[in-house]
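*Asks:* These are the residues of each chain, in order.
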Amino acid sequence: MKRESIFVYLFVLPALGLFVIFRLIPLVAGSVFSFSDWNGIVDPRWIGLGNYAELLTDPVFQATMLNTVKVLITLPIWVGLPLLLAIFIYLEVPGARVYRAAYFFPIVLSSIIIGTMFSIILRFDGTLNQFVGLAHIPAVDWLGDGRYALLAVILVAIWAHFGMSVLIFLSGLTTIPPEIIEAARIDGANLTQIIWRIVIPMLRPTIELVVVMTTITILTSMFGLIYVMTGGGPGTATYMPEFLIWLMQGQFNRLGYASAMSVTLFVVVALVGIAQIRLMRNQWSP
Amino acid sequence: MSSALKLKLMMALVASLASTAVFADDKTLVVWDFKSSEPLMKPYFDIIKSTFEKAHPGVTVEEIAQPADTYYTVLGTAINAQQGPDVVLLNGGNLAIDRADALVPLKDKFADTIPNLVGLTSFQRTDGDYIAMPLTVQGSIWYYNKDVYKSAGLDPSKPPQTWTDFEAACTAIKAKTSASCVTFGNKDGTDFINVIATIAHGMWSADTRAKFFKHDLAWTSDEMRGVFAKAKEMIDNGWIENGVNSYSPYTDAVNILAGGRTGNLLGLISDAPNSWKNVEDMTGEGNVGVALPPAVDKDPAANPKRLEVDGGIGFAITKWSTNQDLAVDFIKTAVSTEAAAVLMQSAGGLPSNTKLDLSGLNSEAAKQVVNFLGCCSVDGRIKSYYVTAERAELQRVGQLLITGQMSVDDALQSIEQVRQKEIARKK
Amino acid sequence: MRTLLSATERRVMWVASAIMMLLALTTIYPIIFTFITSLKSTKDFIRHGFSIPTSPTLEKYATAWSTIKIGEYFLNSAIVTLVGVFLVLAVSSLAGFALSQLHFRFRRAIFYLLLTGLMIPVQVIMVPLFRVVVELGLLNSRVGLGVVYGAFFSPFGIYLMTSYYSTLPSELVEAARVDGASLWQVYWRVMLPLGRPALLTLAILTTLSCWNDVLISLLVLQHDRTLMVGIAALRGEFGADIPLIASCVVIGATPVIPVYLIFQRKILGGIIVGSVKG
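Protein chains in written order, with numbering that gives the first Met the number 0: chain P, 0 to 285; chain R, 0 to 426; chain V, 0 to 277.
Just chain P, with the same shape it has in the complex (with noise of 0.2 Å):
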């Protein structure tokens, strides 16, 4: 291949500076900062693994993994929820295209604008509560209450996510040629057979993806909802780590630790963002 001149670099410098400047080099101090105890007023004061010790053995920073724990295992709903739907509306059930229509629509709705529609409708005497006692179920306070809280802002999550997802698996569904589903029709196969055996293997790499993005979503995009629907509260239900991190480096000022959680969480990510790669390199690379 003809090599190019020095002139070719240029175009991948605005995404390199970009990329050292605002990534790599944080990143690297972060790290460096994590072994410090700073507030950010005096200087910072090294104290090696302290920070990392301490995280093992603090009940706040435990119940934040516990949480995290307990939203990934809600994976499943995450995605096979937009999977059905998704080969539902490439099946053409009456609507489909309303409802893609419609699935969608939360994906152009920030965090905020959803958090705060919701903890409306949540609230004690809300919508929801309504709606629930028109079947004589007693009200619940949805986001106040620590057993359901988190359960809340799962679902609310799942709610602003879930369009994305169909909409990936729906490319992905456009991938299978449909003479393979006429070939099993004709040989008999029916509905369930034809979802089972032949679009969810088939969908493997898509299915892969979405789990994938879905895992980073989880860790990454829940923010805003936290913020604005419970503070994290009640106690620390729905505490999840960005948000303790927030928490750490502004109510507390204690930046260097801080830094250590956010290390720990760069490390669950980049296992996860390392498959995320992968997976995208098998769709296409350079």
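It is worth saying that the hints were derived from the structure and are not from the lab.
A quick note: this is a predicted structure, and the numbers were derived from the prediction, not measured.
There's no promise every hint is true.
Residues from chain P shown here face chain V by an in silico Cβ test under 8 Å; the list is partial [said to hold, decoys possible]:
| hint | residue |
| --- | --- |
| 1 | Phe6 |
| 2 | Asn189 |
| 3 | Leu264 |
Far from chain R, by Cβ distances over 12 Å, these chain P residues were calculated [unchecked claim]:
| hint | residue |
| --- | --- |
| 4 | Ser30 |
| 5 | Tyr51 |
| 6 | Thr73 |
| 7 | Phe104 |
| 8 | Val139 |
| 9 | Arg203 |
| 10 | Ile215 |
| 11 | Ser220 |
By construction, the Cβ of each residue, glycine as well, lies at the ideal position given by its N, Cα and C atoms.
Based on these hints, arrange chains R and V on the given structure of chain P.
*Replies:* Frame of chain P; chains R and V shown alone:
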């Protein structure tokens, strides 16, 4: 339009946008607060600004209202960056004192003003110097809805004086009306920490109180357990309004009291949306009663000083400010009698300036508050001495206690653990 | 597909459709409810929270405009979004062209390096990012916030543009260069025009990201507020005035809705470009 022209226009647009980010060259005094967007408080901030600007031509005051619930987070970023505001508003107590490293000590600069001010203790550093000048005097007090009391068969002119009275009142309200006895109108635990503080003050001896101020009292101590036991009674007996909803610091609670859905509300005495002025506006003058926090296991007559007060909000000067002299003048304007008069009239604030005559406050509730201020107040509020990390934990466990998901023992244990951790960290 | 179904299966489809309809209703209901709520006065809401307003009023919108100065927030959001989108489009198309059509040393390495940006979300570098912003003098600058957006939303853009450009036949570029065009001219005259569909998709997605962001905005801007930060702040100051909050939510959502309506199909096309073998 040719693409070259488009590019040039684009760049011109970007350049002009960049210039909008540069601030004006005349002197600007940047003031941060979390109150000036409240409609009741706005006139006070306006008069400070206009008076100051008139006395200092060429200087503009840039008053920036930050969102109240992220104020300290945003302030943290400013401190971290060592730039931003010249003057900052702060709550009294540890919220201010934790940030003392970033603030200018003010004792010398305000030597002439200090003798006329009260509420200074809540802005006092460990070495005795002051890091902010108080604007208001603040404390927690109970407001009650007289109609609800009447419906429950209680005498609205004789509110509870002891915990036993309080119990009886709540039982009556619960039995005879559809209202709840008390409401904590918010979800982030702020009301709960105030309630704990007022029960503690009504219960503790002067020694215990002093011990707490010195951070020598363990959360698992008997004295603290006693306080929480009372709070637990409130919860277990179903005195508290269900499903406390909002995150806005005060306003849901006031709505609930005003609508007669609850009997009592723990409010503040000065300028906040849950202080007498707004409560009276919403509930109707003549329908709001004011009561001192009840004495717990003590004789109310022998222990009249049950209203704890200290500096509510105050202005501080940041260390990096290049306009420190202007900042001093600004703050002096803020605590002047002229400004304090506006604070009183528009927001129902109780000013820190002792030279101001409080007789201008003549609504029913206001008169009672002023009366209590005179007869029954004591300096220093327990709630101002909560260490930040403990306060956060207390808010969290408060939410869980109210919904019945945590036992008192576990709650106290977890706060005590935080306290021990902080002590170890400070070493 | 429908003609291939048996009678039972068609019934199943109708049941599925009914359930999907309910789900679709839940995606539409909140914004409609919020809109209706915004037309009520505070007293009206306290008394009848969930019915059609008896005397609809626009007073809350007036308050939002004058007291909350939502117009300013709107402007701030517009500025930062404009800068952010411009940067992302520029950076992504420049890099995408080079990475897909040109051959140079470290090409693959640079591509994957840039993609690793996806693994470093804001939350993970909040503290040091703030210091970088301060050191660069971008604090409180709306343009600065746009630059930060450019940095954060480009990895995905680079992936999108690189994969899209790789679908263009290399003969196009070769032909232009044989004709004596410089790299820049090829970019300006060939790649940009041809890249329009993907650039449009990227512009839409980036606009949404910038407009809806709150975390980065909270870090960089301390004086001016963007719209989303402003709405988030409402619950502190005006928390009890639900209709007022509702009106601000509607104002915040309105610009996004036409984007959604008109370009729904375009976005669908964009996702196909990005996630399926081109």
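*Asks:* Give a verdict on every hint.
*Replies:* A quick look at each hint next to the structure:
no. : hint   : result
1   : Phe6   : holds (6 Å)
2   : Asn189 : holds (7 Å)
3   : Leu264 : holds (5 Å)
4   : Ser30  : holds (18 Å)
5   : Tyr51  : holds (15 Å)
6   : Thr73  : holds (21 Å)
7   : Phe104 : holds (26 Å)
8   : Val139 : violated (8 Å)
9   : Arg203 : holds (42 Å)
10  : Ile215 : holds (25 Å)
11  : Ser220 : holds (19 Å)
In this structure, only the earlier hint numbered 8 is contradicted, and the remaining ones agree with it.
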